[in-house]
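Q: Here the protein sequences line up with chains L and Y, keeping their order.
Here the first sequence stands for residues 1 to 888, numbered as in the working numbering.
Here the second sequence stands for residues 1001 to 1119, numbered as in the working numbering.
Think of the hints as simulated: they come from the structure by calculation, not from any bench.
Here the structure is a predicted model, which is why all the values come from computation and not from measurement.
Ideal Cβ positions, reconstructed from N, Cα and C, are used throughout, including at glycine.
Just to be clear, a hint being listed does not mean it is correct.
[As the list claims (entries may be wrong)] Now the stretches of chain Y that chain L is said to cover, found in silico as 3 or more residues with beta-carbon under 8 Å:
1) 1058-1071
2) 1101-1108
[Claimed, not checked] Sample of chain L residues at the chain Y side, in silico, Cβ under 8 Å:
3) Ser670
4) Thr675
5) Asn716
6) Pro884
Here is how the chains run, residue by residue.
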Amino acid sequence: MSKKSSSPDPRKQKNKDQEHLEQEARHTAELFDLVTRSSNQLVYEYTPADRRILWSGAIREVTGYSPDEFRTIDIEEWERHIHPGDRVRADQALKEAEKSRKKFHILYRFLRKDGSYVHVEDEGIFIDADDDERMVGTMKDVSERVRLEREATEAKDFLSSVLGNVTDPIFVKDDQHRWIMLNDAFCSFMGHSREELIGKSDYDFFPRDQAKVFWEKDAEVFRIEKENTNEEQFTDANGVEHTIVTKKNIFTDSKGNKILVGVIRDITDRKRAEEELRTNQTKYKTLFDSAGDAIMLLTPEKGFTGGNPATIKLFGCRDEQEFTSNSPDKLSPEYQPDGSLSSVKAQQMMAIALEKGSHFFEWTHRRVNGEEFFATVLLTKMELMGKPVLQATVRNITESRKAEEVMRKLQNEQQIILDSVRAMIFYKDKENRLIRVNREFCDIMGKTKEQLEGKSLFDLYPKEQAEAFWKDDKEVIATGKPKLGILEPMLAHENTRWRLTDKIPYRNERGEIIGIIGFSVDITELQKTREKLEKEAENAMKFLQAVEASSIATIITSTEPAILYANPAWEKLTGYSEEEAIGKNPRILQSGKTSKEMYPQMWDTILNNKEFMTEEIVNRRKNGTEFNAELRVYPIAENGKVKFFAGLQTDITLRLRSDQAKSEFMSLASHQLRTPLTGLRWGIAMLKKKGSLTAEQESIADDLQDATARMAESINVMIHLSRIESGKMEVKNAPVQLSVFLNSLCQEFHPQAEMRHLHCNFQIEDDATLTTDSSLLREIMENLISNAIKYTPEGGEVEMHTKNLGSSVRISIRDSGYGIPVDQQDKVFSKFFRGTNVTDKIPDGTGLGLYLVYSLTSLLDGTISFVSIENEGTTFTLTLPLTPPAHE
Amino acid sequence: MSKKILIAEDDAFLVKMYKLELEGAGYEIEVAENGKLAIASLEKVKPDLLLLDLLMPETDGFEVLEHIREKGYTFPVVVLSNLSQEIDKEKCKALGARDYFVKSDMELEQLRQIIKKYV
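Okay, chain Y solo, but in the shape it has when bound:
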């Protein structure tokens, strides 16, 4: 049974890139276009890993993390955001995120390694 990865990302092009990169890697990919949808799909999808963007319409990534903590989900969450301030990183770590990457500083190739680390 392949691992399920939920990607919460509002930018459609980036979602397309994620999908292309992970093509054929044997993961089951689910996408939520904003925080609200991400929260909604968590119960249904029950992902093995959540790749979470922070700045999203409706509900942002911080709220999603808070929700996960409230619900007591144990799957790992890796934040992939373009916010680079230390304060944001710390806030996410405090809310239970396992890792934090600034997307613009990241090569797409790194994605598989990051996922491998947690799945």
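Bound conformation, chain L alone:
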């Protein structure tokens, strides 16, 4: 409803030549004003530049102000007239329109002069004329329309809220039987959404026959135009039969059309209940009369009021009348088995049944003839003609009680037997539930019978374990064959136990498998023993192999002693085969040359001290030859008791022989060689002294003297070496201050060096005190220094240098001598080595010096090495620990 205003801006109408045009325009404006006023709307034009509004049209009608009053209202004033609740929205819409240059359309409440609000519809647009912006629009009173609309909405809301809140399905059909309005209850009743149903009819949702019935009923209601109620049956989509009552009525709508309103009530449940009641009544009567159980009616006040034929028979009455004439306590002994008075207890039982609705208990009855019987009684509370009565079902259990007792006894006996077996016995059903277990089972599981029976294995074990068990069970159930000897690990408590389990299918009397019977024995100890034995056997085998391969002659004997085992080395040593030896006393080897006292002493030591003994003995072979043996006897004890002996012999004949030879040589060397040598040396010296020799003879005597001296030296070194090699050399450690020690050594060698015109130099970088055998160290150093002097040409250099390395000391002796040829350097420390380059120059060498140095150095826990270049020189480096390591 917008209209562009052609109202001119007065400021732009100042040209006099335009006056006519201005007049014209004013006229047009007046005309427009007239038109708009009659249409009950006012027109405005707003210029943002000077914030002025030009109003025209139905000002008074809309606002209650006179046009003159209203012309003073500017844009702020106007905004103040907008209802506070609408201001923000109006303002937003205006701003939007200013930006977009599109038409706006706002509904708001406008404050009239009389203080009442009027609903106005404000439509306008921002326009750009020349370089001038303005807004034009109309404002129209729409109060009446708003009121009508609201009323309509309210009415509609009310209807839908009524329809929506009614639990009965309601539908409205037009005269074409189409649904035009439905409530939620109807939609859910039909099982379809409103959208699916609106406009459709019964034919779209029901079977043809059914829909036809509904239409016929509808048509009748349309015809008679009166409320009608029908009971209808139909089957829903799920196949459930429903009985519904539909109340239908005809209305005429505002347009004069007839519509049908239907309200449905689903009475299926009620119908079913009625039907059941009817059936039950019939059933009940039949049951009552023909039941094998004795059924009777009673009240706490009147006692028995009736009983079925089975009742009359049970109590031994002639007829119902005789039965009802007896009170309940008369048909019971005075006391019940628990010692309570029957009359008192009967009242208690009835009270409980009345309170709880029913009560089941055991009762001892007495027939009219005084005979007693056990029975179970089920008391059920009923309503009879509005009053509570009790129906009692009495079942004679005397026979079954007897059978039960026999059964229980049998079961007890069975259980006792099962419980006394030290194996887990269980019966499981096909659903993996334990039905029966024995005591061992309970003990191992650490649970009571009650905690176990009825439980699934999945309740008792970790999932994996339970699954493993269940797999075997399923197999037995599926195949019907027993599974025996299943080795199962079982995680009971903290240790894994091993069980050997048999699982056997359990069948009922018809031969159907109904579960499995399990029988499980703990074999953990057995398993452990087996593993241990296997390991021991393996070790024993390894040990045996070692003994078999050993070169030490070995036998194992009993304590008697009788030979139980002999290895190949023993067979070879003695000449006896193992077969010959077994069972014999090791005495068969005795030569009679070993002192008789030795054996008892040896046995005594071994048996009492449980230690091994070593003896050197003389034994005799099978062929009668003898051999020296070192016999070592070990006791083999088990739990502190000697069970076996191991006898290890080594043939030491050769060793003894060589030891003897050596010592003989030593004796020969030291005495038999030295004594004539002494004679030679002294004889030559005597010749020189007293023989008045010629110069030539004198020179020969000198050479002889040198030769004998060298010979004596060689003998000494060889004796020395032989002692070192035999390990008989004793090392006597004492503190040695290196500077003092080496100084005296150098002093000693000074004349020799001087004689050969050698330049000597020696340095001690850090002095050290080492613990060593000074005489052996002296021997080492003497050898090294004398070598250096001996093998260096005249005018050469010999230098000694020491260095303290903290935990050891390093001594180097460097010479500028002949050196050692490279191809011989690896033999330097071997016995009788002499460099081929010096044998001509210096003939007097034993070839034992460096070998001695090497041997003594090892004896002092030191190391010796050298660097040598032929004709340039050699450096020997000796390293010794400051403190020798501890020896065993």
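With chain L held as given, fit chain Y onto it using these hints.
A: Frame of chain L; chain Y shown alone:
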């Protein structure tokens, strides 16, 4: 009165050398060819010094030392032997020998000095 030196030595050549070396030194030399003879002559000779060899037939030097100790003789004994092992030296020292020399390592000239030391 010249000092008496008893030499117990079974090797005749060495005895000859001892005698030659000590000729004119003013000592009275007595010789015993084995241990047994040495023991026998001790009481008769009453030497101022005994030069004793160890390995001798019949009775060895060790036995002679034992005998001297048993008898309580106080004259010095110097062992001149060709046994060079430490164990022998120690044994002799323990039995009362004042000194011990390995003959093959000894110059004959040393003899006079050794004797001078004890006589």
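Q: Holds or violated: is there a CB of chain Y closer than 8 Å to the CB of threonine 675 of chain L?
A: holds, 5 Å
Q: Report holds or violated for the interface hint on asparagine 716 of chain L, using the least CB-CB distance to chain Y and a cut-off of 8 Å.
A: holds, 7 Å
Q: Are three or more residues of the segment 1058-1071 of chain Y within 8 Å, CB to CB, of chain L?
A: violated (count 0)
Q: Under the criterion of a CB-CB separation shorter than 8 Å, is proline 884 of chain L in contact with chain Y as hinted?
A: violated, 20 Å
Q: Was the hint right that serine 670 of chain L lines chain Y, CB cutoff 8 Å?
A: Hint holds; serine 670 of chain L Cβ to chain Y Cβ min 6 Å, cut 8 Å.
Q: Establish whether the coverage given for the segment 1101-1108 of chain Y by chain L is satisfied; the threshold is a Cβ-Cβ distance below 8 Å, and no fewer than three residues must meet it.
A: Satisfied; 7 residues make the cut.
The structure fails hints 1, 6 (numbered hints given earlier, in ascending order).
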